[in-house]
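Here the protein sequences line up with chains A and B, keeping their order.
What the first sequence shows, in our numbering, is residues 1 to 133, in sequence order.
What the second sequence shows, in our numbering, is residues 1 to 455, in sequence order.
To be clear, the hints were calculated from the coordinates, so they are not data collected in a lab.
Take the hints with a grain of salt, since some may be wrong.
[Stated by the list, open to error] So, partial list: chain B residues that the calculated Cβ filter (under 8 Å) puts toward chain A:
#	residue
1	Q54
2	V284
3	P353
4	L354
[Stated by the list, open to error] Chain B is faced by these chain A residues, among others (derived, beta-carbon under 10 Å):
#	residue
5	P21
6	E25
7	N43
8	K116
9	K120
Being a predicted model, the structure only gives us computed values, none of them experimental.
From the three backbone atoms N, C-alpha and C, an ideal C-beta is built for every residue, glycine too.
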Amino acid sequence: MRLLTHNFLRSNVKGTENGYPLNIEVTTINCEDSPLDKSFLLNLLPKVNYPALRTAVQQISQHCVPPLKEIPEQLDVSDKESNQNLDHETLKNLHRVLFDVYLIEGWLVCPDTGRKFPVKDGIPNMILHEDEI
Amino acid sequence: EAEAEAEAQIDSELDAQAKYNKDTEHNNHNPIKPYHERSWKITIHTLGSTYTRQEQNEMRSKFSFLQFPGPVQMKHPDDEYLFIREVELDAMGGAVYPRHCKGEDGKTKKELIPENDARPPLACYFGRVLGNGTLGRNWRGSNRLFRYSLKKRTYLGPTSMDSELSLIMTNLAKVQKGSFAFDPFVGTGSILLTAALRGAQTFGTDIDLRVLRGRNPNENIVSNFQQYGLPPPELVRSDNSIYHRHFRKHLPLFDAIVTDPPYGIRAGARKSGSRRGDGEVRPVLEEYRYDHVAQTRPYAVSDVMADLLNVAAMTLVMGGRLTYVIPSMLDFNEEEDLPRHDCLKVVSVCYQPLQTELGRRTVTMEKVKEYDDRKRDEYLEGTWVNGPQSAEKVANIRERLIEAAKKKPGYEEKAAWRKQKRKETKEAKKRAKLEGADQGVNSKSPNSNDDSERG
Numbered sequence: 001m002r003l004l005t006h007n008f009l010r011s012n013v014k015g016t017e018n019g020y021p022l023n024i025e026v027t028t029i030n031c032e033d034s035p036l037d038k039s040f041l042l043n044l045l046p047k048v049n050y051p052a053l054r055t056a057v058q059q060i061s062q063h064c065v066p067p068l069k070e071i072p073e074q075l076d077v078s079d080k081e082s083n084q085n086l087d088h089e090t091l092k093n094l095h096r097v098l099f100d101v102y103l104i105e106g107w108l109v110c111p112d113t114g115r116k117f118p119v120k121d122g123i124p125n126m127i128l129h130e131d132e133i
Numbered sequence: 001e002a003e004a005e006a007e008a009q010i011d012s013e014l015d016a017q018a019k020y021n022k023d024t025e026h027n028n029h030n031p032i033k034p035y036h037e038r039s040w041k042i043t044i045h046t047l048g049s050t051y052t053r054q055e056q057n058e059m060r061s062k063f064s065f066l067q068f069p070g071p072v073q074m075k076h077p078d079d080e081y082l083f084i085r086e087v088e089l090d091a092m093g094g095a096v097y098p099r100h101c102k103g104e105d106g107k108t109k110k111e112l113i114p115e116n117d118a119r120p121p122l123a124c125y126f127g128r129v130l131g132n133g134t135l136g137r138n139w140r141g142s143n144r145l146f147r148y149s150l151k152k153r154t155y156l157g158p159t160s161m162d163s164e165l166s167l168i169m170t171n172l173a174k175v176q177k178g179s180f181a182f183d184p185f186v187g188t189g190s191i192l193l194t195a196a197l198r199g200a201q202t203f204g205t206d207i208d209l210r211v212l213r214g215r216n217p218n219e220n221i222v223s224n225f226q227q228y229g230l231p232p233p234e235l236v237r238s239d240n241s242i243y244h245r246h247f248r249k250h251l252p253l254f255d256a257i258v259t260d261p262p263y264g265i266r267a268g269a270r271k272s273g274s275r276r277g278d279g280e281v282r283p284v285l286e287e288y289r290y291d292h293v294a295q296t297r298p299y300a301v302s303d304v305m306a307d308l309l310n311v312a313a314m315t316l317v318m319g320g321r322l323t324y325v326i327p328s329m330l331d332f333n334e335e336e337d338l339p340r341h342d343c344l345k346v347v348s349v350c351y352q353p354l355q356t357e358l359g360r361r362t363v364t365m366e367k368v369k370e371y372d373d374r375k376r377d378e379y380l381e382g383t384w385v386n387g388p389q390s391a392e393k394v395a396n397i398r399e400r401l402i403e404a405a406k407k408k409p410g411y412e413e414k415a416a417w418r419k420q421k422r423k424e425t426k427e428a429k430k431r432a433k434l435e436g437a438d439q440g441v442n443s444k445s446p447n448s449n450d451d452s453e454r455g
């Protein structure tokens, strides 16, 4: 699971509306290298919840070797114009955190109910149990 | 002048081809030859009608104005051109106005029906075959499509979509480089793989954890992608019937949704929730929470389609496309029975006959209206305009097929014969196993006190 996916996942156990973003507990993490696809990234950025991305990066950064480079503290990603003007280094770092970091084993924890969703073989298991629906 | 232009066009394609071969070290049987040396042939496709060799050659000669400079070569030419003559076909793939009349034995006679033969075709198509090699069911040789044949795939399931149909579906959905493609019933990932082949970023969900995780680290969805050097898909185990409960509210995300929904023939559809019919739910004790296998219950096909269209309407970008397959029997009426959504309009429906009673339709829809959150119930209720009877036509097809088969003459004998065969195979397997075990015992050390054999 990459942070791109994590950015969209939430917990809605028993209808909680405060199940986003999920906290990440890392057991195993992998970093790969993929080429930056600038147009895809710029297309995607306005849909990303940036504060959630930043929090996620902070939670996993210590487990990454080499450690992840900093992304800006604040960014208004909804502004397509200013996204276009981001410098290449920032775009590369954004690309890296969104696409190149794979959580293989770990947990996604609901910030409201504490319910832990397992991540195994890189696949988060978000299925609600019959008593959580 | 047109010829010079065509020559320049083909030369630039050849350059691109040479570069592709060099970059990918693709083993190409045909070395790149300049245009005027390339051998060629024209293949004629006349689905629903038969033409004699003489008649076909007459068709071919109509294209002599193209003046291809190279030699004609029927076997493995450098370039193959295809001429397709399209006539109106019935539900079974036969011509509505057949050229030849049928004899009493039901087999076609050679006699022409002049008024049918004189009818103009619906359309004619002419083009160059891409992907090197003979079109059609012949997978061998230098046909590049062969690489993607399911036969070569390391991880397959009973519902893996054949690669030809997957490629067509992703084409219909306009999946291209830079697209974000989604399959909410990803299964073994066969459709998503063709999306990735076209350069898309891919995302797949499924409720079935076993199929998502595959058989082992070398036989799973991701290993299929690795087999073709493709970037891996993002996968989530989730329930499409409650998409909005797994995913936060987000701006439209996907350019294309391409999927083969579970319609119960080979893989029963499931959704989250208690299996018990009485609505009673036993709470899961916290200490068992993480080992608990979530109960799932049957997911009616009518709901599968309603949810699919609604998720598509919600998550597709404007102009984005949903392409799905739906099984249908002969009583299905495209105008009235296809599921609908206020935000989506039908772009195309392609019918493919599979058996006498059964076919499948590949439906493509496009998002034309923004999704209004407040209208969710309204959208879902409006899915089947003819009400439950339309949904019934695509639901329970397995049961309907079995019922139809039972009514056919000779069914009981066939069923008994099949049962007998299964019994024989089972017994043969049992015998083979016992014989093998016997031989195993004989080959082991005669010293039965050997410590290494102790438990």
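Evaluation of the provided hints:
no. : hint : verdict
1   : Q54  : violated, 54 Å
2   : V284 : holds, 5 Å
3   : P353 : violated, 37 Å
4   : L354 : violated, 32 Å
5   : P21  : holds, 8 Å
6   : E25  : violated, 13 Å
7   : N43  : holds, 7 Å
8   : K116 : holds, 7 Å
9   : K120 : holds, 7 Å
The structure is inconsistent with the numbered hints 1, 3, 4, 6, although it conforms to all the rest.
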